[in-house]
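Enquirer: Each chain, letter by letter, is given below.
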Amino acid sequence: MGKVIRTQEIGSLRKPPKLMEMWKSYLNKKITFDELLPEIRRVSVENIKKLEEIGLTYVYDGEMHRWEMYYHPVTNIYGFELVGQVRVMENRYFVKAAVRKPIKFLKNYYLDEFLFIKKIAKTIVKIPVTGPYTIADWTFNEYYVEKWFKTLDDMKIIRFNAKRDLVYDLAEKVINPILKELASNGAERIQIDEPAATTHPSEMGVFVDGFNLAVDGVDATVTVHICYSDYSILTPYILEMKTKHFALEFANRDSWKLGTSDKDRPGYSYLRELYIEYGYDGEIGLGVIDVHTDAIESPELIRDRILYAAKFVDPEKIVVNPDCGLRTRRREIAFKKLENMVKGVELAEKELGLL
Amino acid sequence: MKVEFKAYLTGILPRDDYSIDIFKKFEWGIIDEKTYRETVNKLVCKWVDIQVSNKLDFIHDPQVDWLDLFRFYSLIDGISAGPLTRYFENNYFYRKLIISEKVDYEEGVLSFYTHHELLPDDFPWKITLPGPYTMYRLSAVNLDKEEAIDVIGKLVAGAVEEAFNLGYSLVDLHEPSLAYDNYVDEDLVLQLYRYIKRLKLPFHIQTFFGSIFDKMPLMLKLNATFSIDIFEGVDDSVKIPVDRIIIGVIDSRNTLMERFHYISKYVSLIIDNSLVDTVYLTTNCDLDFLPYKSAIEKVLLLNEFKRRFTLEWGR
Numbered sequence: 001m002g003k004v005i006r007t008q009e010i011g012s013l014r015k016p017p018k019l020m021e022m023w024k025s026y027l028n029k030k031i032t033f034d035e036l037l038p039e040i041r042r043v044s045v046e047n048i049k050k051l052e053e054i055g056l057t058y059v060y061d062g063e064m065h066r067w068e069m070y071y072h073p074v075t076n077i078y079g080f081e082l083v084g085q086v087r088v089m090e091n092r093y094f095v096k097a098a099v100r101k102p103i104k105f106l107k108n109y110y111l112d113e114f115l116f117i118k119k120i121a122k123t124i125v126k127i128p129v130t131g132p133y134t135i136a137d138w139t140f141n142e143y144y145v146e147k148w149f150k151t152l153d154d155m156k157i158i159r160f161n162a163k164r165d166l167v168y169d170l171a172e173k174v175i176n177p178i179l180k181e182l183a184s185n186g187a188e189r190i191q192i193d194e195p196a197a198t199t200h201p202s203e204m205g206v207f208v209d210g211f212n213l214a215v216d217g218v219d220a221t222v223t224v225h226i227c228y229s230d231y232s233i234l235t236p237y238i239l240e241m242k243t244k245h246f247a248l249e250f251a252n253r254d255s256w257k258l259g260t261s262d263k264d265r266p267g268y269s270y271l272r273e274l275y276i277e278y279g280y281d282g283e284i285g286l287g288v289i290d291v292h293t294d295a296i297e298s299p300e301l302i303r304d305r306i307l308y309a310a311k312f313v314d315p316e317k318i319v320v321n322p323d324c325g326l327r328t329r330r331r332e333i334a335f336k337k338l339e340n341m342v343k344g345v346e347l348a349e350k351e352l353g354l355l
Numbered sequence: 001m002k003v004e005f006k007a008y009l010t011g012i013l014p015r016d017d018y019s020i021d022i023f024k025k026f027e028w029g030i031i032d033e034k035t036y037r038e039t040v041n042k043l044v045c046k047w048v049d050i051q052v053s054n055k056l057d058f059i060h061d062p063q064v065d066w067l068d069l070f071r072f073y074s075l076i077d078g079i080s081a082g083p084l085t086r087y088f089e090n091n092y093f094y095r096k097l098i099i100s101e102k103v104d105y106e107e108g109v110l111s112f113y114t115h116h117e118l119l120p121d122d123f124p125w126k127i128t129l130p131g132p133y134t135m136y137r138l139s140a141v142n143l144d145k146e147e148a149i150d151v152i153g154k155l156v157a158g159a160v161e162e163a164f165n166l167g168y169s170l171v172d173l174h175e176p177s178l179a180y181d182n183y184v185d186e187d188l189v190l191q192l193y194r195y196i197k198r199l200k201l202p203f204h205i206q207t208f209f210g211s212i213f214d215k216m217p218l219m220l221k222l223n224a225t226f227s228i229d230i231f232e233g234v235d236d237s238v239k240i241p242v243d244r245i246i247i248g249v250i251d252s253r254n255t256l257m258e259r260f261h262y263i264s265k266y267v268s269l270i271i272d273n274s275l276v277d278t279v280y281l282t283t284n285c286d287l288d289f290l291p292y293k294s295a296i297e298k299v300l301l302l303n304e305f306k307r308r309f310t311l312e313w314g315r
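Heads up: the sequence lines are chains A and B, in that order. Here the first sequence stands for residues 1 to 355, where the numbers follow the working numbering. Here the second sequence stands for residues 1 to 315, where the numbers follow the working numbering.
Derived by calculation from the structure, the hints in this document are not laboratory data. Do not rely on the hints blindly, as some may be mistaken.
What the hints assert, rightly or not - Cut-off 27 Å, straight-line C-alpha distance, at most; resulting in silico cross-link-like pairs (DSS-like, lysine-lysine): (1) K263(A) x K96(B); (2) K30(A) x K24(B); (3) K102(B) x K257(A).
Bound-form chain A, shown alone (with noise of 0.2 Å):
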């Protein structure tokens, strides 16, 4: 574990085949929620244990309770519906619903596990949380536009004035809510992931709303994750949000090669941006493991991301993650990125004189 280079997983990890097989089966309603749990509980242990061993400073069990970071709020919120199965990228689909009525709030969809988390983990547990901004981005809107078109005509401002509504009450009534008891149920971090923030640069001003609102009167350390996305549309918003720490996506845009110039880095550019030209001063989640790809990341060249990171960044300000969750990468790969990246911290610590 580094000693002042912090390091965290991002959020999912791959689920063994049984318990894959078993959620398929609950989801095909073939067995109940209390007889998939126990699969669940043993896994999200084992999980919990790897990666206190791997040496990780904020640790979840890799989302073992929730089928998926989409699915779970959306079966668990009143008003959505699964329409089905829809692409994200090459052979990578996830089920997508329609939102049809309003939204109400139905229960603390995270509690349980978080609960059950914390009685097992040694470390601090840090856990992660779909934002509203990026429920309401995947979700096809039905229910709030068909309410607009009763007054509008045109169909740009009525999809605006819809996915606002939407994120708002997503925010308020759900999200908040949720963050709340959490923290009142002692989670001292709290991961809100919002992938899909930058996706529409007109509805920034609606991303950091949603946010504002969902993480409002929070007692708790609230960061925030984003991923795949042009930060330069993220950057003029940052000191609005009310949080001090961003999880970003940075290796996947990066070389393999060794070394700390801007030549070398180029998926590191932002940090510049960020830290030197706006002059944000918080923390960053730097993400230095690509989890689209099954070769893995050597300690050396993790090391070198995180040197090329700390002339900008101070040490104690750098948290390092993975560029997103790796449920994308079979268990021994995740690990095995994950060990190196712990590795890789410890050689970066020795070399900024930090051990």
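Since the structure of chain A is already known, use the hints to place chain B on it.
Expert: Coordinates of chain B only, in the frame set by chain A:
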């Protein structure tokens, strides 16, 4: 005014649940190539049947096994598939093409990905390919600007020519960047299109993810049939002096089913502001943004819209 209405699909069409599972398992190496190929062929045939039964005027190659619209070019030496990149304002990602040297189109690259052998002989076929401007904007080209324009212009023209040689009667070029970009350099676009123009083959330009009303002078200079996505708004102050137009009347980004009276109002505005005698009705972008079942419902609706528009304005 009498107008002829035609209808067709555009872009990558979605996979059904069974195919999604098989494609994923093939990628993971847990099923053999024969099973994969059979699945692809069955899915292509299903999409052909859907188009035939809905009386569409062109049979669109469903392109169901394409990983993204640009990927086939990465078979050419000197072009590789780079980082995952968001496809405009969508939760949909493509791999940015990295063009690292002066390359030429290689005959046979497109045919590796097409399904022409499964398309019915008694219908005209069409296929969607990346338009040169969008390809220029979405690729990383390690060449100077003039070389980049030349290389991309030739690559697209090469693929278009191969499509016609394979028997396709129509190529539609996906050009969302023409609509999405706030500023479009006209000279750049005209240069990118010069090789395709020399082919003297018919092609359509599909624009979406933005309005092209403020780019009408450029669209007219391209001298090709182009599309208007009515879900991005219709500016009734802009004249459209063309005799053929494509109108995106089905929203491929929402499961909400379109209402005829709403669509009809905007189609009327476009017709009234133009000289059209032929309107091609289509989806505003790839149906791949929708689940398979919803996509089929939208195809039925497209056919219904064609029927109703023909009743209203048809000859």
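Enquirer: Against this structure, judge whether each hint is valid.
Expert: Evaluation of the provided hints:
1. A threshold of 27 Å between alpha carbons decides the hint, and for K263(A) with K96(B) the separation of about 19 Å falls inside it, so the pair holds.
2. Restraint check: the Cα-Cα separation between K30(A) and K24(B) comes to about 23 Å, which is no more than 27 Å; the hinted pair holds.
3. For the suggested pair K102(B) and K257(A), the alpha carbons sit about 24 Å apart, so the restraint of at most 27 Å is met.
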